[in-house]
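Asker: Got chain A sorted already, so can you dock chains B, C and D onto it with the hints?
Residue numbers (our numbering), protein chains in the order written: chain A, 1 to 418; chain B, 1001 to 1418; chain C, 2001 to 2418; chain D, 3001 to 3418.
Certain hints may be false.
[As the list claims (entries may be wrong)] In silico DSSO-like cross-links for lysine-lysine, where the CA-CA straight-line distance does not exceed 30 angstroms:
hint : chain 1 : residue 1 : chain 2 : residue 2
1    : A       : Lys98     : D       : Lys3252
2    : D       : Lys3252   : C       : Lys2098
3    : C       : Lys2091   : B       : Lys1252
4    : B       : Lys1091   : C       : Lys2252
5    : D       : Lys3252   : C       : Lys2172
6    : D       : Lys3098   : C       : Lys2249
7    : B       : Lys1153   : B       : Lys1115
8    : B       : Lys1252   : C       : Lys2115
9    : B       : Lys1091   : A       : Lys91
10   : D       : Lys3300   : C       : Lys2091
[To be verified] Covered, in the sense of this in silico footprint (three residues per stretch, anywhere, with C-beta under 8 angstroms from a C-beta of chain B), are these stretches of chain A:
hint : region
11   : 175-183
12   : 204-218
13   : 328-340
Read the hints as simulated data drawn from the structure, not as lab findings. Note that the structure is predicted; figures quoted are calculated from it, not measured. The beta-carbon is built from N, C-alpha and C at its ideal position, and this holds for glycine as well.
Protein chains: 4
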Amino acid sequence: MSIALSATSYRQYFVDQDDTVPEKIVVQRDSPRGLHFRRAGPRQRVYFESDDVHACIVTCGGLCPGLNTVIREIGGYRGFYARNTIQLTPKSVNDIHKRGGTVLGTSRGGHDTLKIVDNIQDRGINQVYIIGGDGTQKGAAAIFEEIRRRRLKVSVAGIPKTIDNDIAVIDKSFGFDTAVEEAQRAINAAHVEAGSVENGIGVVKLMGRYSGFIAMYATLASRDVDCCLIPESPFYLEGKGGLFEYMEKQLKENGHMVIVVAEGAGQDLIAESMRSMNHEDASGNKLLLDVGLWLSQRIKNYFTSRQKMVINLKYIDPTYMIRAIPSNASDNVSCTLLAQCAVHGAMAGYTGFTVGLRVTETRNTVVITDRMWARLLSSTNQPSFLSSKDIEEANMMVEEEQPKQTVDEEKSMENGST
Amino acid sequence: MSIALSATSYRQYFVDQDDTVPEKIVVQRDSPRGLHFRRAGPRQRVYFESDDVHACIVTCGGLCPGLNTVIREIGGYRGFYARNTIQLTPKSVNDIHKRGGTVLGTSRGGHDTLKIVDNIQDRGINQVYIIGGDGTQKGAAAIFEEIRRRRLKVSVAGIPKTIDNDIAVIDKSFGFDTAVEEAQRAINAAHVEAGSVENGIGVVKLMGRYSGFIAMYATLASRDVDCCLIPESPFYLEGKGGLFEYMEKQLKENGHMVIVVAEGAGQDLIAESMRSMNHEDASGNKLLLDVGLWLSQRIKNYFTSRQKMVINLKYIDPTYMIRAIPSNASDNVSCTLLAQCAVHGAMAGYTGFTVGLRVTETRNTVVITDRMWARLLSSTNQPSFLSSKDIEEANMMVEEEQPKQTVDEEKSMENGST
Amino acid sequence: MSIALSATSYRQYFVDQDDTVPEKIVVQRDSPRGLHFRRAGPRQRVYFESDDVHACIVTCGGLCPGLNTVIREIGGYRGFYARNTIQLTPKSVNDIHKRGGTVLGTSRGGHDTLKIVDNIQDRGINQVYIIGGDGTQKGAAAIFEEIRRRRLKVSVAGIPKTIDNDIAVIDKSFGFDTAVEEAQRAINAAHVEAGSVENGIGVVKLMGRYSGFIAMYATLASRDVDCCLIPESPFYLEGKGGLFEYMEKQLKENGHMVIVVAEGAGQDLIAESMRSMNHEDASGNKLLLDVGLWLSQRIKNYFTSRQKMVINLKYIDPTYMIRAIPSNASDNVSCTLLAQCAVHGAMAGYTGFTVGLRVTETRNTVVITDRMWARLLSSTNQPSFLSSKDIEEANMMVEEEQPKQTVDEEKSMENGST
Amino acid sequence: MSIALSATSYRQYFVDQDDTVPEKIVVQRDSPRGLHFRRAGPRQRVYFESDDVHACIVTCGGLCPGLNTVIREIGGYRGFYARNTIQLTPKSVNDIHKRGGTVLGTSRGGHDTLKIVDNIQDRGINQVYIIGGDGTQKGAAAIFEEIRRRRLKVSVAGIPKTIDNDIAVIDKSFGFDTAVEEAQRAINAAHVEAGSVENGIGVVKLMGRYSGFIAMYATLASRDVDCCLIPESPFYLEGKGGLFEYMEKQLKENGHMVIVVAEGAGQDLIAESMRSMNHEDASGNKLLLDVGLWLSQRIKNYFTSRQKMVINLKYIDPTYMIRAIPSNASDNVSCTLLAQCAVHGAMAGYTGFTVGLRVTETRNTVVITDRMWARLLSSTNQPSFLSSKDIEEANMMVEEEQPKQTVDEEKSMENGST
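This is chain A alone, in the form it adopts within the complex (with noise of 0.2 angstroms):
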């Protein structure tokens, strides 16, 4: 018979396998009901006996805040990798989470399906984890669907990695937080530098190929920043409106700026300039697709070679430094949740799944109701210090059987298409 992975076995910690999590919120006159998503959390009946778990976790791309919190997590209950390539035990991923980068290591680049399905098969692994961004999810949904294929009992569960926070359906993707905290640093010192001489400037390029979340975000934290650029608001450089004329109005009235960049802004301008000065230098091309450093020598450009104002402008690009830090308190807890529950849905043979934060449940003011209280417990695995009545009067409200769910039965995946 199979237990829950918690150490506290009462009715009310489970989540009913027929809840689910509405896409919009925000109620509005008229709106359809719009898409709603299965519910991550432990099940009361699950899938897999502890002790017949065989996972492995594969962590790809770029380096995030919080990927060794979520390595921790899931290598951290006891007996999963008896059988593992790279043995995890608790005890060896104790300390991990207040380590930047990955302990497992990560690499970019293709991957064959086949042979990494041969391999799960060969090696018996049963519930893989893989840890990644689009193209690292692409690759597990291919993993997925050859697994179907062959009829393996195996979960595949998709951990989203995008440090941009650019997922659509994810309200807050690991990582994010420690980002835009972390950003506030190169904002300060770019703040610092512009305001110490006559005409300063300060731009700073911040993660973000697709979208200006830790841009957006680390301006809105800062309150420093006079001009944020993100790739999903277009702007011009020359020109009445323009960044050049606020840029000399700024300069003129405060004396200094701070421009925030994201590193997908303004790439339509960028490709302009290339094509503009065709046939030119072939070696400078990589270079001038860096937004910062583009965008730095435009603003040179324009105040010197009209000698408008003698500028002093400063570049940082603190992308290295942001990435590499360990998660902060929030992350953690964020990595911890995205762990647990990729573990339960596995756990419950839920199979081709990703997981995600959507921040939905209401708090009760009676936190020991509420499902993080079940987390803790199982972090700590200390003593509920309930009574044996307690626990009678909670068994009580366990009423009905749940049919036992199966990874056979094909099981939707909770975001994405099956």
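Answerer: Just chains B, C and D, lined up with the frame of chain A:
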């Protein structure tokens, strides 16, 4: 003619006055629809002309990270405080969000509703922002009632402050994230101290009189805690299943342990202790009410008196060091939102309301249509970089006139009783 | 044949065995020449063959930032610990300097010299490194004497640990810089708490039983402190020129104040308080010995009982939070130096000595001839990038043979009695 | 009659005017006595009456942590700046040491000695404090000469600023400690990035045009660096014993490596590179002069072109993020000392001098007699808590009268040429 406060005037950023937010988001079978709150945000029609606004801000109670960020944001709207007693200008509040505490000062203790309203009347104040905890919000309600009785055209906006995060309908109170982050330092120290000696025990007391949110999240984020005690979850010390038994087991297995205790935990046990010690030293009473000191003493007594083990207990109370730090990036964004929403509400003519964050907005992948971007534009004052054609199209979307809203009409509170 | 430990073998980096360092550096008229200490550093001739070394490291007493850095550095020399009880390898100690506390654990209390030396003898240990405070160093001296009595060829090296920086002949004890830095957090918090209320008083207790170095430097670095009380400078509370009078003046002028008190300050006053309270509650005694609590209570009593002012006092004791943090960059360098010097001394056959930093090396503008560069080369293991011609020239500088040094010859201690 | 600036007037705290500090402290056989510097500190007799002082402060060149602390300390002496253009009051500078940068602003470029001295004369300034690097100090010398030529009674005090710590006779320049500490972040990030991928290489460029002090100390403090390249130690890339060979070995052994390079390192190699690329794209030149970018490109080329290994290089340039942070506790103390010594020197009538820290004071175990305590008393303004009897005894120690010192007498500089 009234104008919006934000730098942009595009229809898409305004909140429709009929938008609501449900109290319960997880959709369960057969659950009733439940309470819905009025959605906060900028309204297309505002009640006050910017130039006519004479506002005041009050902070009360204990310190909480983010107070200055809230003050900065309310005070940062140009021209608001020309006739205010403490002249706040955008320039004077420019950097205050980087400091802990409150630039306005704070006090505890009673207030005289009639005198306060006399004062508001005498000074011609027509917007009152009150930042404080439960008691303060009750005072605010009394002020609001008196203002309504006198038929003054004065908006009263409450901004709830509770570092403990223990307000029922609000998802996340400002300062909470920062407190959890800073609490990590104390937990880390307790862990290092406990881990460096034989049978080391680290006890950390964290804020939380009626709720264990900070203790719970700090524990989840740290992963170094072996036991977390909170007000909502009763516990007992001696006997089977009690704390001491658990401690003995932990010390034998790991050689050390860390306990986090919320300040309101175990109050019943302390009360009991005191009753049994009746007729004893009265001067010690106050000390015993501190759960951290009380628990540390009880643990020492237990292990010493029974000669069970030679333990080495270190007690850390980081409360003031947590309360006094500047808010982190995440809380800075929350504070900015709260303050902006309070101003939007007051400007729109709402009164007798409190603002609160319910993390419910579904983020769009295209950030430019996100309300957060409007907040950013209003916060940096940068141009929108949109061509006149874009603006025309946007204006086309404004279809119908809305009736002007006034405080005369006795707007219902967004949260709380009218 | 013996070889040097450092990666470079150039004469310039070796310390001549007759080099000394004077105790008094400021030259005053007619002052006697004073004590000179033997200079620490690598010797050209070493006593122990690297492969024959069997060393052990002991840490004792309270925590101090940098303990792990010292352990790492001693333990990082390849091949040292083949037969040691706690096997330290360069790999196992690789990251420990980033953690607070001590990986070796620490204990207080007596020791049995004969048993310890038996143990050293039985295990074939020939180098003993003892990291600890005054008491520990006295124990080390006893161990050294017993080893000498038995005519064992064992080097005993003491590495003084005192976060208080109160060792006479040493300029800077490791961990001190980190402690002063971390103390700023508590002082900042006290300042913010005091400054946010009327008549706010922040009291911060810092380490320092017999000396006020930490309190003094933390005060100088912070500039937010209005009064610093240390053991070396007696003070009194009441009457003209007393602390209370000064406090009243400060509160009237500034509305708030911050007091830093070293733990050993005012012990005479506390003793006096206790005598006058004779026959009173014995259980309170221990509490009264904490100068921070005692002073806070006295201040509260003074202002309350005389109804002088309503004050708002916040007491912060950050001791454990300071002791447990990892050492900062400056202390990491100090710890590295100390450990390297201890190893150099032991390898050169010195015994019964303690190492200490006296900040006396005049830095050369050309860093390459600086001894610090040799330390760096030995720490990174990077190549010297010098051509064979450079090496030849350098070798030419080695002119004369030095007699091999042995522990048999009863080397004098560098500091302390033989 | 003139009085000392410090709050205490006890003889013991005054520097005897004949005290000197030797340049070389390590005593070597047969070494000549060498240069001695005049000792800085408060003199019993001062030249300027406090009320007659009209001082100005100038900051020049790049940012350096601690500038504001120096400004605060000079500006904090009451009554100094009554007629100064930028009115600095103790209140206005109260918190500036907690901010990075310089509140006075800074500029590079030429200056007109005659105009400056005219200006000093016109405004009645009689104390000039000049904070800046080598060029600035040369300018200060020119100003001093012109002032002497005009026989003005104006003290000129230079406070050397060089984050690189590359001033010959000074042991520790302010900001250096902070820079080394902050550099750890970049090295940590490089280490995490490098360690999370196969053949990961982290390259961190640190400040240091002519000296590698920051690179060297940051490397020693971090222990994660595999290779440190500095201006004083030439290196080569290719061939036996070269950097590439070392890198291949490291990557094969450890799978990753971290390189720290001072900005002035390898300038000869870069110059050579550029000569060989003669006639090529001129626009690239400036870029190539950045040793970090140049080295990163060379490493990539080497490993790519020869298909030796697929490497993954991450380049981090944290320069501006290091320069702009507030100074740490240790540097705050240094800055305070420097500024107090500059003021003491100017007040005593010295002119044409620069102040610098030589870490030479032997600390006494009894801190009360330490000069640092006098500095603390002067910085907190707290009472000395000494009875009148103590004072009498202390006064007894003042035996002889010293001649009043004046700027007319053309005091020699403490360091540097007159």
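Asker: Confirm or reject each hint.
Answerer: Hints, one by one, checked against the model:
Among the hinted pairs, Lys98(A) with Lys3252(D) is consistent with the structure: their alpha-carbon atoms are about 27 angstroms apart, no more than 30 angstroms. Between Lys3252(D) and Lys2098(C) the alpha-carbon distance is near 25 angstroms, which keeps this suggested pair within the 30 angstroms criterion. Between the alpha carbons of Lys2091(C) and Lys1252(B) the distance comes to roughly 29 angstroms, so the proposed pair stays at or under 30 angstroms and holds. For the hint pairing Lys1091(B) with Lys2252(C), the CA-to-CA distance comes to about 29 angstroms; that is within 30 angstroms, so the pair holds.
For the hint pairing Lys3252(D) with Lys2172(C), the CA-to-CA distance comes to about 40 angstroms; that exceeds 30 angstroms, so the pair is violated. Between Lys3098(D) and Lys2249(C), the direct Cα distance comes to roughly 26 angstroms. Compliance with the 30 angstroms bound is thereby established for this hinted pair. Between Lys1153(B) and Lys1115(B) the alpha-carbon distance is near 17 angstroms, which keeps this suggested pair within the 30 angstroms criterion. Restraint check for Lys1252(B) and Lys2115(C): satisfied, since their Cα atoms lie roughly 27 angstroms apart, inside the 30 angstroms limit.
Distance hint between Lys1091(B) and Lys91(A) is unfulfilled; the C-alpha atoms sit about 53 angstroms from each other, more than 30 angstroms. A C-alpha spacing of about 29 angstroms is found between Lys3300(D) and Lys2091(C), which places the hinted pair at or below 30 angstroms, so the restraint holds. Figure legend: the region 175-183 of chain A, annotated as covered by chain B; annotation consistent (4 residues with Cβ-Cβ distances under 8 angstroms, at least 3 required). Figure legend: the region 204-218 of chain A, annotated as covered by chain B; annotation consistent (6 residues with Cβ-Cβ distances under 8 angstroms, at least 3 required).
With a threshold of 8 angstroms between beta carbons, the proposed coverage of the region 328-340 of chain A by chain B holds, since 6 of its residues qualify and at least three are required.
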